[in-house]
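Chain by chain, the residues run as shown.
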Amino acid sequence: MKRIIRFKLNGEEVEEYVQDSITMCDFLRKQMHLSGTKRGCEEGECGACTILLDGGAIDSCLMLAAEADGHEIVTIEGVMKDGVLHPLQREFMDKWALQCGFCTPGMIMSALSLLNENPHPTELEIRDGIAGNLCRCTGYAKIVEAIGAAAEVMEREARA
Amino acid sequence: MSLPDFDFVAAKSLKEASDLARERGNRCVFMAGGTDIIPLLKDNLLKGIDTVIGLECIPELDKLEFADGEGLRIGALTKLHSIQNSPLVKEKMPAVAQAAHYVASSQIRRKGTMAGNISNASPSADTASILLAMNASVKTYASGGGRTIPIGNFFTGVKKTCLEKDKGEIVTEIDIPELKPGEGSAYYKHAVRKAMDLAIIGVAAWVKMAGRKVGDCRIAMGGVGVTPLRAFNAEKLLKGAEITDELLEEAGVAASGECHPISDVRASAEYRADMVRVYTKRAIKTALETMKA
Numbered sequence: 024m025k026r027i028i029r030f031k032l033n034g035e036e037v038e039e040y041v042q043d044s045i046t047m048c049d050f051l052r053k054q055m056h057l058s059g060t061k062r063g064c065e066e067g068e069c070g071a072c073t074i075l076l077d078g079g080a081i082d083s084c085l086m087l088a089a090e091a092d093g094h095e096i097v098t099i100e101g102v103m104k105d106g107v108l109h110p111l112q113r114e115f116m117d118k119w120a121l122q123c124g125f126c127t128p129g130m131i132m133s134a135l136s137l138l139n140e141n142p143h144p145t146e147l148e149i150r151d152g153i154a155g156n157l158c159r160c161t162g163y164a165k166i167v168e169a170i171g172a173a174a175e176v177m178e179r180e181a182r183a
Numbered sequence: 005m006s007l008p009d010f011d012f013v014a015a016k017s018l019k020e021a022s023d024l025a026r027e028r029g030n031r032c033v034f035m036a037g038g039t040d041i042i043p044l045l046k047d048n049l050l051k052g053i054d055t056v057i058g059l060e061c062i063p064e065l066d067k068l069e070f071a072d073g074e075g076l077r078i079g080a081l082t083k084l085h086s087i088q089n090s091p092l093v094k095e096k097m098p099a100v101a102q103a104a105h106y107v108a109s110s111q112i113r114r115k116g117t118m119a120g121n122i123s124n125a126s127p128s129a130d131t132a133s134i135l136l137a138m139n140a141s142v143k144t145y146a147s148g149g150g151r152t153i154p155i156g157n158f159f160t161g162v163k164k165t166c167l168e169k170d171k172g173e174i175v176t177e178i179d180i181p182e183l184k185p186g187e188g189s190a191y192y193k194h195a196v197r198k199a200m201d202l203a204i205i206g207v208a209a210w211v212k213m214a215g216r217k218v219g220d221c222r223i224a225m226g227g228v229g230v231t232p233l234r235a236f237n238a239e240k241l242l243k244g245a246e247i248t249d250e251l252l253e254e255a256g257v258a259a260s261g262e263c264h265p266i267s268d269v270r271a272s273a274e275y276r277a278d279m280v281r282v283y284t285k286r287a288i289k290t291a292l293e294t295m296k297a
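Line by line, the protein sequences are chains A and B.
Take 24 as the starting number for the first sequence in our numbering and just add one per residue.
Take 5 as the starting number for the second sequence in our numbering and just add one per residue.
Hints in this document: simulated from the structure, not taken from any laboratory.
A quick note: this is a predicted structure, and the numbers were derived from the prediction, not measured.
Watch out, some of these pointers could steer you wrong.
[To be verified] Keeping only pairs whose Cα atoms sit at most 30 Å apart, straight-line, the calculated DSSO-like set for lysine-lysine is:
(1) A/K25 with B/K198
(2) B/K240 with B/K289
(3) B/K171 with A/K118
(4) B/K67 with B/K296
(5) B/K171 with A/K25
(6) A/K25 with B/K240
(7) B/K169 with A/K25
(8) B/K171 with B/K96
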């Protein structure tokens with residue numbers, strides 16, 4: 024079956040005709056042409072497909088597109104605001120927190136969700152926050168560092 | 005890996021979901037968070053499913069309440085993430101918050117539910133052991149009347165529960181009795197990784213002290229049988245006795261003797277049984293240390 028769903032995607036109200044049996048991940052990539060959300064393991068192990076559902080990180084490969092009806096979705100494409108990179112994106116670049124880059128969108132979405140809930144995470148909390156995201160290049164040290172640095176930048180920017 | 009074709013019905017009420025389930029029978033499956041169901045559908049492990057009944061739009065299923073003198077009521081749609089982070093759960097029954105936190109990753113816990121974790125009925129499900137040790141009960145809705153099922157009767161086999169599909173039976177709530185003064189509980193998961201891993205074994209304990217002696221206790225073991233198991237022999241040794249290191253060792257040995265582990269890719273049966281001995285001791289110790297004054 025197909026249905027019409029209405030939801031907010033990266034800040035904009037959208038109305039789309041979707042197949043019942045399509046995952047959010049495939050819907051974003053194939054129908055919305057938002058290929059920043061990566062298709063990795065497709066069973067919730069790797070986190071490459073992480074997006075925000077109502078502000079919290081979830082694996083889009085474990086969600087049906089039809090479930091988005093009435094909700095708010097943010098993908099990596101919605102993180103940059105008015106042409107300015109988000110502090111997480113800047114810190115990932117500055118700290119060399121990526122090599123091949125495949126895990127990066129998912130990492131950033133998990134980190135964003137973590138910092139939304141907990142603006143001052145400890146290193147352990149950062150590691151717990153990205154425990155559902157696999158990176159096979161970096162060894163995680165630089166990623167953890169970049170998220171910690173972004174938290175500090177965000178705090179400074181909020182105070183300014 | 006695409007999903008097989010199916011119809012998704014976002015039910016608006018328990019009655020709608022239950023009636024539809026009775027009508028479609030074995031061709032349908034209920035879905036709350038979907039973190040277990042979607043991989044099963046992708047892998048074609050759910051044969052002949054043409055309808056997925058979504059429960060997410062049934063408002064009364066999302067709740068997390070604590071009633072003094074009774075305990076915690078967890079709705080079927082309440083996310084593991086909410087349970088893990090609830091100040092109420094952390095204060096009143098920290099072992100339950102800990103068990104919820106042990107499940108998979110934060111992405112999965114933001115979508116997955118405790119009701120789904122037990123309904124999927126994996127023998128190593130992280131929340132099953134603590135619910136068994138704390139004597140939880142499962143409330144259901146079904147055509148012709150729902151039931152309250154003691155958690156000890158809920159699991160009937162690997163991935164099998166006593167829920168009656170022909171009656172469209174749906175888990176609506178999990179109730180956990182409150183910890184009274186002199187009672188404590190704990191859950192330990194033994195896994196290779198700290199997250200995103202299945203338990204090699206898990207052990208949960210609930211202990212009630214009567215003066216210096218154990219008044220009552222329950223020990224539950226996960227990943228060492230076709231369902232989560234109670235360690236009745238170990239419990240018998242502890243009841244009425246004073247806790248000593250020797251007694252804890254005896255209880256651990258008893259528990260390891262009454263579990264039925266298999267050898268697989270994660271660990272050998274011998275290793276699992278020995279870890280049950282170790283973690284039984286640790287769970288009892290932690291239950292005593294975190295006991296309510």
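Structure-based check of all given hints:
1. A/K25 with B/K198: 40 Å, violated
2. B/K240 with B/K289: 17 Å, holds
3. B/K171 with A/K118: 57 Å, violated
4. B/K67 with B/K296: 25 Å, holds
5. B/K171 with A/K25: 28 Å, holds
6. A/K25 with B/K240: Distance of about 58 Å is beyond 30 Å: violated.
7. B/K169 with A/K25: 27 Å, holds
8. B/K171 with B/K96: 35 Å, violated
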